[in-house]
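Undergrad: These protein sequences, in sequence, are chains A and B.
Quick note on numbering: my numbering labels position 114 of the first sequence as 785, and the sequence is numbered without any gaps.
Quick note on numbering: my numbering labels position 47 of the second sequence as 384, and the sequence is numbered without any gaps.
Some clues are possibly wrong.
Said to hold, decoys possible - Examples of chain A residues toward chain B, derived with CB under 8 Å:
| id | residue |
| --- | --- |
| 1 | ALA839 |
| 2 | PHE841 |
| 3 | ASP843 |
| 4 | ALA846 |
| 5 | GLY847 |
| 6 | PRO862 |
Note that these hints are calculated values from the structure, not bench results.
Computed from a prediction, not measured in an experiment: that's the story for all the values here.
Think of the CB as a built atom: it goes at the ideal place given N, C-alpha and C, for glycine as much as any other residue.
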Amino acid sequence: MSAALARLLRDPVSALGLGIVLFAVVVAFFAPYLAPYPEDAYESHLLQRLRPPSAEFPFGTDNLGRDILSRVILGTRNALVVAVSVVVAAMAIGIPVGLVAGWRDNWVSDVLMRLTDVFLAVPQLILALALGQLMRPGIETAMVALALTYWPFFARTVFAETRRLRGALFVDALAGIGARPTRILLLHVLPNALPAVLVRATIGMGFTILTAAILGFLGVGAAPPSPDWGLAVAEARQHLPEAWWFPTFPGLAILLLVLGFNLLGDGLRDAADPRLRRSRR
Amino acid sequence: MNDSPMPSPLLAVEALSVHLRTDAGLARILDDVSLTVPPGRTVGVVGESGCGKTTLMRAILGILPRSALVPRGAIRFEGRDILADCAASARGRIGFVPQDPYLSLNPVFRAGDQILEIMRRHAPGTRRDHRAKLIELFRAVQLPDPEAALEKYPHQFSGGQRQRLLIAAALSCDPALVVADEPTTALDVTTQREILALLRRLAAERGLSLLFVTHDFGVLAALCDSVTVLYAGRVAESGPTRAVLDAPRHPYTRLLLACHPDRASDLTGIPGTVPAATAQPAGCRFHPRCPIARADCANAPPPLLSLPGGRSIACPHHADALPEPALA
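Input sequences plus hints: build the corresponding full structure.
TA: Structure representation (C-alpha cells):
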C-alpha cells in the first residue's frame, strides 16, 4: 500500500489531486476557525450588500451582505459531508448486492442484477426532482436520490470481480477447507475488488459534489440560508452581471474540488491496482 | 518400473460415481471408476476433455462443486475413506499441483504468506520453522532468489515460476501423494520439460506417489508407471504404461493412440464426439463411435475384464481387429 502511495505521489497530476482533496478536508475540518466571519452562515447584514472584493471581504459580499469567502469555507464541510455520506451509502447497498449476485448462480443473481440495471437506467436528476416533489425538498432528499442512483456502479464493479474469482482454485480450496461463503467473499474476494471500488468511490465523490450543486441550483437540494455552493450560484443569478464575484467564487470552489477528486481517482486507478503494478512504471 | 507385486495402495478409488445437477438434467460425470496409486509410484489418468479427469481429481481433493452428488463409491487414502468421513480427511497429506497457476493463488496476498498459512494449519513447527522450510522448498523447485520470492505477490512471478511456486506449495506439508492436473499445459514447451523433470526428480527424492492427469501421451510415457484411460466418465483400459502404449487393447485407446501425430500417417481423428454427460448412450459409452461395435454393446455397460500383466479392459470384443481404414 505504501508503494502504491509513493507511486501516486510521483505522478504530479495525481499528487495535485490528492493535495486539493487534502486541502479541502483540512478546510472543512477547521472551517469555523478559518472563516473570517463564521457567523455569516446564518446572519445577514443588509447595509453591506453586494460589496465587490476588497481587503475587508476578499471574495466580496452577497445579496444579504454576507462574506462570500466565509460562506465558501463553511460550504466545504457541507460539500464533503454530502459526498462522503452519499458514496458510503451507495457502497453499503452496492457492494453486498454485487457480492451476492456474483456468488450465486441462480434466480437470486438474475433478480439482483436486473434490479441494478433498472436503477442504472434512472436518470439521477430526474429521480432527485421527483423525490423532492414527493418528499420535502432538501439536502436529505437529494442525498437519498443520489445514493439510490449511484449504488449500481459499485454493484456492477463488485459483481464482475466476484464472477471472475468464483471459479478460481483458491476459492474452491477455501470452500474445501470449510470456509463459509461470507468469509470467502469478505476476506478473500472483496479485497480483489477493492482497488476498483476505491477508484469508483473517489470519482463518485466529485460526481456527487457536482450533482448536489446542480440540485442546489435547481432548488431541490440545500435550502437557504445554508452556505451551499450550488445554492449560492443560484441566488447570484438575479444580480448578474454586476455582482460577478457572487457566483464566481462558489463556482470555482465546486470546480476545484470536483477536479481534485477526479485527478485523485485517475491517479488511484493507475497506482492501486495490484495487477497493474508490474506493467506500469 | 519393476515386476514385483504391487504393495497395498496408498490411494484407492473404489467404484466411484459422481453426478452433477445441471439445468439440462443429471450429468453422470463419473461412473463406477476405480483406480489405485501404490506408494512411490506414478499413475497417469488420460482421456479427452470432458471425460471426467478433473472431477475425479476434485473428488480426491475434496473440492467437488456444490452441485455434485456421490451416489456410490469410496476413496480410500492410507486405508481410510476420506470421502465419507470428514474427520479422516487427508488434509495436508495430499498435495495438489493445479493446471492453471494463474488464479490458484489469491492475487491480493503475498504468495509466501498464502503457503505459510496452509503450513500453519497442517504442518508441525513454529512460524520460523515453516519459513525456513519454505525457503528450502523454493530452492528445491529452483525458484530464483528464494528469500525474496517469499515477499512477492503472485503476479510478480512468470508462468513457469508460478508453477514451481505451486509445486513447492504442494510439497509444503510433506504429502504422501501429489495430485497434478495437467501441470504443464499452460506453459511453453521448454518450460514444460523443466517442470516435468522437476516433478520426476522430486517424486524420486522424496518417495512420493504421483497421480498425474494429462491428455499428453508423451508426458505419460515419460513419467508414469501405470495408466488409466477414461472415456466419458468410465474406465476404458488400465495397466502398466509401457504395455498399454505398446499394445493398446480397448478400441478407444487404439484409436486414440493412432491419432497421435508421431504414429498417424495423417491426422484423421476419431469420428464423432464425446457424448454430453447429460445424455450418455446406454451400454458401452463408446459404442456409437466404435468401429467394432456389435449389437450387444448397446445393452449393458461392459464389465472391466482382467488381463494378464496387471491390465484390465472394459471391452468384451477387445481381441477383434480394427477395420483397416480406422487404423490407416
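Undergrad: All hints are to be evaluated individually against the structure, with a verdict given for each.
TA: Against the structure, the hints come out as follows:
1. ALA839: Because about 4 Å separates ALA839/A from the closest Cβ in chain B, which is inside the 8 Å limit, the hint holds.
2. PHE841: holds (5 Å)
3. ASP843: Holds, because the Cβ-Cβ distance from ASP843/A to chain B comes to roughly 5 Å (cut-off 8 Å).
4. ALA846: Constraint on ALA846/A satisfied, holds at 7 Å.
5. GLY847: At 4 Å from the nearest chain B Cβ, GLY847/A passes the 8 Å test, so the hint holds.
6. PRO862: Result: holds, 4 Å to nearest chain B Cβ.
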